[in-house]
Amino acid sequence: PEMARLVHASMAQWNDYHHEDEDVDGEERDESGVDYKSTGRDSLVFLVDASKEMFIMGEDEEPSPFDMTMQCVRSVYTSKIISSDKDLVALVFYGTEQSKNPRNSFKHVYIYHDLDLPGARRVQDVDGLRGEKGAQVAGETMGSGNTNLGEALWCCSNLYSDIKLRLSHKRLMIFTCRDTPHGGDSERDRQARTKASDLKETGVVIDLMHLMKPGGFDVSLFFCDVVSPPEDEAELGLQMEPCGKLEDLQKRVRAKEMKKRSVARLNLCLGEGMNVAVGVYITALQARKPNAIKLYRDNNEPVRTKTRLYHTQTGSLLLPSDTKRVQVYAGRQIVMEKDEVDVIKKFSDPGLELIGFKPMERLKLHHHLRSAVFIYPEEEMVTGVSNFNPFFTMCSVRNVFALCKYTRIRNSPPRFLALVPQKEEVDDGQAQIAAPGFHGIFLPYADDIRTLDTPQLPTASESQVDKMKEIVHKLRFKYRSDAFENPVLQQHYRNLEALALDLMAPEHIEDLTMPNVNMIDQRLGSLAQEFRDLVYPADYNPEGKTAPKRKPAEAAGGTEKKPKVEMSEDELRGHVQKGNLGKLTVPVLKDACKQFGVKVTGTKKQELIDALTAQLTK
Amino acid sequence: SPPDSFKSEGKEIKMARSAKTALVLCLDVGFSMSNSAPGQEPPFQQAKKVIQKFVQRQVFAENKDELGLVLFGSDNTKNNLAKDDQYQNISVHRQLMIPNFELLEEIQNDVHPGSQQADWLDALVVCMDLLQNETLGKKYERLNIVMLTDLNTPSSPDQLDIIIGNLKRAGITLQFFLPFPVDGGGSNPPHGGKALSREQQQGLEMTKQVMMSLDEEDGLEEVYTFSDAIEKLSVFKRVEKRPMAWPCTLTIGSSLAIKIVGYKAVCEERPRKSWSVVDAQTHQKDDIKRDVVYCLNDDEETEVQKDDTIQGYRYGSDIVPFSKVDQDQMKYKTDGKSFAVLGFTKQSMINRHQFVGTQVLKVFAPKDDEHAGVALSGLIRALDDLKMVAVVRYVYARNGNPQLGAAFPCIKEKYECLVYIQLPFMEDLRQYSFPSLENNKKYTPSEDQLSAVDSLIDSMMLVEEDKDGVKKDLFKVNHIPNPQYQRLFQCLHHRAVNPSAPLPPMDPWLTTALQRPLAVATRCQAPLEILKKKFPLKEVVKKKELKTSKELFGNSCLGTGRSNQIYLYSPSYITMQVKA
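For the record, the sequence lines run as chains A and B. Here the first sequence is numbered in UniProt numbering, starting from 1 and rising by one per residue. Here the second sequence is numbered in UniProt numbering, starting from 1 and rising by one per residue.
The set of hints was computed from the structure by calculation and includes no laboratory data. Values in this document were obtained by computation on a predicted structure and should not be read as measured data. Glycine included, every Cβ here is placed at the ideal spot set by N, Cα and C. Hints are supplied without guarantee of correctness; some may be wrong.
[Said to hold, decoys possible] Interface residues of chain A toward chain B, partial, derived using beta-carbon atoms under 8 Å:
#1 K133
#2 Q136
#3 L167
#4 M336
#5 D339
#6 H367
#7 L452
#8 A538
[Claimed, not checked] Calculated pairs, DSS-like style, for lysine-lysine (alpha carbon to alpha carbon, straight line, at most 27 Å):
#9 B:K20 with B:K139
#10 B:K333 with A:K294
#11 A:K364 with B:K472
#12 B:K346 with A:K423
#13 B:K412 with A:K469
#14 A:K364 with B:K476
#15 A:K474 with B:K387
Take these sequences, add in the hints, and give me the full structure.
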C-alpha cells in the first residue's frame, strides 16, 4: 500500500522538470522527462561478496574491497534519493555465514535491504558497514562462510518477482574480488550459470564490478558466462580490468546504474524519404529542490490535492469543456477553445528535419538558451548499419554541424538545433568519458537576442594585460564538470537526513562554490597590488557604492552555520517559568526537545512549547 | 495656404522619457488608386493592407502611441482647413487616439476607394495641422506622418519650400509608401510594365525633394513600396524590453575588485500575456472559481482542512515533516550578490554541451567608470590571449541560489566584455555511456557511402562565398522571429476581428522561413537520390515485430506509438528481425 501511495506523489524532480516560467495552464512542458507511470520503475540489486577476501585491506592503506563497495553503495543510495527517487534498490550479500531471506530457504545469502526505495535509515545502515568498524559489524551480523552464487542469484530473482510494481529496467551488480567463487566446484558453477541465465531471460542485466585481487582477476574462468553480454561487440574489449581504486569503481557503477532514458524517439529526416530513427537524451539539466508535499498533521501521511472548477454563481462543478481561454488586447477579449490554443502551437509532426550544414565556427558561443540534448541512433539499430554512421562520421570529418528543425512532441513549436558531432573518448581505464553521437545545441530566434547599449571605454595596455596574465597564471586549475556539488541541494538533503534520523544537527556541507580567498591571496602575493597600481588611480575605490564592502574573513568563512548552543536545564526551566519559551526559535525549541527527550507529534511552534512545558513542569 | 504657426518643441520632446509617438496615416483613396494592370492588386488594396498590418501591430504592442487617419480623394470633405474650394475631398477619418480594434474594423469595413482626386500636398498640410492641434501642450517623442499614395494627382510645387520649412520647424518626420520603388522610376519602370504618368514622375521628384531636405543622407530610405511594407509588417515586432542592468563587483581574492555591470544578452523570450480561463457561456473570468481540496489516501478520500496539513519533503522512502519556518532557518543562505572568481581554466576544459541555465549574460564595466573599464579590459584580453576562462561563483541577489559559471572573454570591434554562462553542478549531470559508433567492425560505413554523404554536405552547405569572397549565410536562425509568437498573434488578430470564424491557415511567409532555403533544396536533390540508392529503402519494422525483439533482448521499451513508418534499415538488420 505504501508503494501505491508513492506513485501518486510528486515524481522525481529530474523527471518532473519543467521550465521555470511555465505559464499558468502548464502548456510549456518542453523538455520534461519521461513519465514513470507509462514506463515503470528502474531497479538495481547490489549483490556483494562477503567472503574473507573482501575484507583484506589493499596496499598503502587502500580500503578493502568490501569497504570500497559500501562507499559505492552509499553514494548510489544518496544520489538516487536526490535525482531519481522512484528507483528501487536492494543490497544482498553472498558468501556469508548467516542467512537472512524470506523463509530462509537460501543458505549463505543475507538480504540486508529488500528491493525498495532508499531512505535515510538505509543510508545510515550502509554507513555502519564502512571502515574498520563496519567490517567488524559485518563479521558479527553476517560472518563469512560458504559461497553458493547460484542460490544468491535465485534469491535475487525472487526479489524482483515479489515486486508488484511494473519494473522497466532491472539490473544486478555483482561486487567481488574472487574470480572462482566456488573454488573449482563445477556443480555449483553450473548451477550459478543456470540461475544467471534464468535471470537474464526475465530481463535482468547482470554486471560484474570486479575488484582488484592479487594475481589478477580472470573473468574468463567463470564470470564471463554469468554476466550479460555487452551492448555491442566493441564494448567487449572495454572494462575488463578490475578496479583498484574507489574512484574508478564509482565511475564504473555510475555509468551503469542509470538506465538511459530518451525524452523522445524521432526520425531525423535528411530529405524526402530519408529517415534515421534516433533517441533524444538529456545529459545535463539543472537538478532542483523537489516541491514540498502536504502532510496530514495527525499522522504525517501525505495528502492528495484535488483541484476542482466551480461555477461561481451556480456552484456547480465545471468540466474542462465548460471553459474557454481568453487574452485581452486593447480592451478586447479574444476567446479561443482550449484545443485551438493547443493547435496554434502545432507546426509540424514530431521530428528532426535537416535544413543544411554550417562550418563549426558559425556556432556562436553565446547562442545558448537551455541545456543541450544528446542524439543517438535507436539502440536496436546499432547492431546494423544505418545511415546515421556515415552522416555522423562525415560531419565530424568535415568539422560541420547539421542545422535541424526540432519538433519534440505534437503541438510543440519548432526550435532549431545545431547538431554537433561528438567523437567517443575513453579514459586510461577504458571507461567511456564522452559518448559518441550528436549534441543538439538550441539556437536562439531573433526575439531571444537582446540589443544592448555597449559602453565605450578605454582598453588595457600591454603591460596591464601582461600583469593580469601573471594573475591568471597563478590561479590556474583543472576544471572538471563533476567537481562541484550544488550547496543548496546538498544542504537541503542534509537537513532532511538530519530530521529523518533525529540527528542533532545536519552534517556539515563543504561549499565548493565559495572562492578560497586565503589561498587566492596567498598565491597572488603582491600581484594584486601591482595590477591595481597599474589600472587604478590612488584615490579610486573599486568597491565603492555599487557593492557593499565585504570583510575578507567573512567571505572566506562562507555561510557556515553558527555552532549550536546547548541550553542548560536550568536555563530552560527559567524560560518555562517566565513563560517566554515563545521567544526562542523553532530549531532551538526542537533541539531542546531532543536534548531532554521530549516527544513531539507535530512541528508547530506551540506544540513544541506545550510539550516542553509539560515535560519540565512535571 | 499652409499654416505657419508650428511651434518647435522638438528638443524638449526628445528629453521626455517613456514618451509616445503621434502618427497620422494619410491614405490616398482617389480613383487612380483603384487602377491596376490586369491580374495585379490595385494600389488601394495594397495600401489598405499596409495600414491594417501596421495598426494591428500597434494594437498588440499596447503602447501609448497615438494614431490618426486622414483619407484624401474621398467623396466627402471633413477637415479644419476646408474653405471654399480649398482642401476639398480630404477627410479626417479619425483624430489622434490610441489605436484599437474598432479602428481596425473601421478600416476593414468603412474605408473604400473614392471617385475623386485630391492633391497629396494638400493632404499633407491637413495632417500637419491635425498633428499640431492635437499634440498641443502634450509631450511626444516623435511626430510622424505616413503618406500612402500613387502620386497620381497634379500637385503645385510652389508651396513646397514653405511646407518643408514647417515640417522641419515642427520636428515632424515623414514616411512614404508608394506602389513603385523610388529609385526605379523614370520612364522605364520595373513594376508591372506600366510606365509612370507625368503626374507620378513629377510627384516622385517632389517626394525626393521633401525627403532629402528633411534628411540629406538617409531620407530616401524612408520611402517604401507597398509590397515591401506588407512583407515587413507581416512580422509581428516584439516589444523591446529595456535591458536591466545588474551592477556588481568582480572579485579575485580579497584584494582585487573590478566594478562590473551585467546584462541579459540571450534569453528565451516569452509572450507577455498568458491565457486565462473563462466560463464558456459568459466568457467571464469571475464566473469560475478554482478550488483546491486536500484528502487522505483512504478509500473514502476523506477531505481534510488545509489548516490540518503541514509541509514535508520526501527523502527517498522517508517522508520528513519540515515546516517553512524551520526550512528558512536551516536552508543554505547567501549573503548578497557575487561574481567571485574561483580560478581560471583552459577554454577547452569547458564543454559547450554542458552549459546549463536559461540565459547568457554580457558583463561590462560601468559606462562612466573608465578605470573599471581598463581593469576589466586587462582581464578580458589576458583571458583571450591565453585561451582561458574565469570560473566564477555567481549570485544574483541576497539569498539567491549560487551558480557556478564560466566567464569567457569576448572582443568585438566595438566593445569588449565577458560572456557569462552557467555550468552544471555534479547533481545536474547524467553520465550515460553509449555503444561505440566508430570502433565497431559491423558498423563501418563503406567509402562509397561516406562519399555520398560528403557530396550531400557539399550541396547542403548553408554558408557560401559570393564572388567577392564575402561569406553569406543562407539560413540565420537568429534572424527568424519566433514562429510560435508570429502564429499566436496572427490567430489572435484574426479571432479579434472575426470572432466566429475558424482560425486562419499559417502565413505562407512563416512556413517558408522555417524551411530549407529553396536554392539548397534544389541543389541537394541529386546527392539525396544517390544517397537513397546507397541505403535501399526497406519496409517498416512493425510494432509487433519490435515486441518480439523486446522479448528477445528484453532490456528496453520500444516502439511507442510508431508504426507503418518507413525507416532505412540495412539488410543485416532485417535478417536479424526475421530470425527473431
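Hints, one by one, checked against the model:
With a least beta-carbon distance of about 24 Å to chain B, the hint placing K133 (chain A) at the interface is violated under the 8 Å criterion. Hint on Q136 (chain A) is violated. Least Cβ distance to chain B is approximately 27 Å, over the 8 Å limit. Interface hint at L167 (chain A): violated, since its Cβ lies 11 Å from the closest Cβ of chain B, which is beyond the 8 Å cut-off. Against a cut-off of 8 Å between C-beta atoms, the interface hint on M336 (chain A) holds, since the closest Cβ of chain B lies about 6 Å away.
Interface restraint check: D339 (chain A) against chain B, minimum CB-CB distance 10 Å, threshold 8 Å, status violated. Taking 8 Å as the C-beta cut-off, the interface hint given for H367 (chain A) holds, the closest approach to chain B being about 7 Å. This hint holds: L452 (chain A) has a C-beta 5 Å from the nearest C-beta of chain B, less than the 8 Å allowed. At about 11 Å, the closest approach between the beta carbon of A538 (chain A) and any beta carbon in chain B exceeds 8 Å, and the interface hint on this residue is violated.
At most 27 Å may separate the alpha-carbon atoms for a hinted pair to count; K20 (chain B) and K139 (chain B) meet this at roughly 8 Å. The hinted pair formed by K333 (chain B) and K294 (chain A) meets the criterion: a straight-line CA distance of about 24 Å does not exceed 27 Å. Only pairs whose Cα atoms come within 27 Å are accepted, and K364 (chain A) paired with K472 (chain B) is accepted, the gap being roughly 16 Å. At most 27 Å may separate the alpha-carbon atoms for a hinted pair to count; K346 (chain B) and K423 (chain A) meet this at roughly 20 Å.
For the suggested pair K412 (chain B) and K469 (chain A), the alpha carbons sit about 20 Å apart, so the restraint of at most 27 Å is met. Using a Cα cut-off of 27 Å, the hinted pair K364 (chain A) and K476 (chain B) holds, with the two alpha carbons roughly 12 Å apart. About 15 Å separates the Cα atoms of K474 (chain A) and K387 (chain B), which keeps this hinted pair within 27 Å; it holds.
Hint violations for this structure: numbers 1, 2, 3, 5, 8, all remaining hints satisfied.
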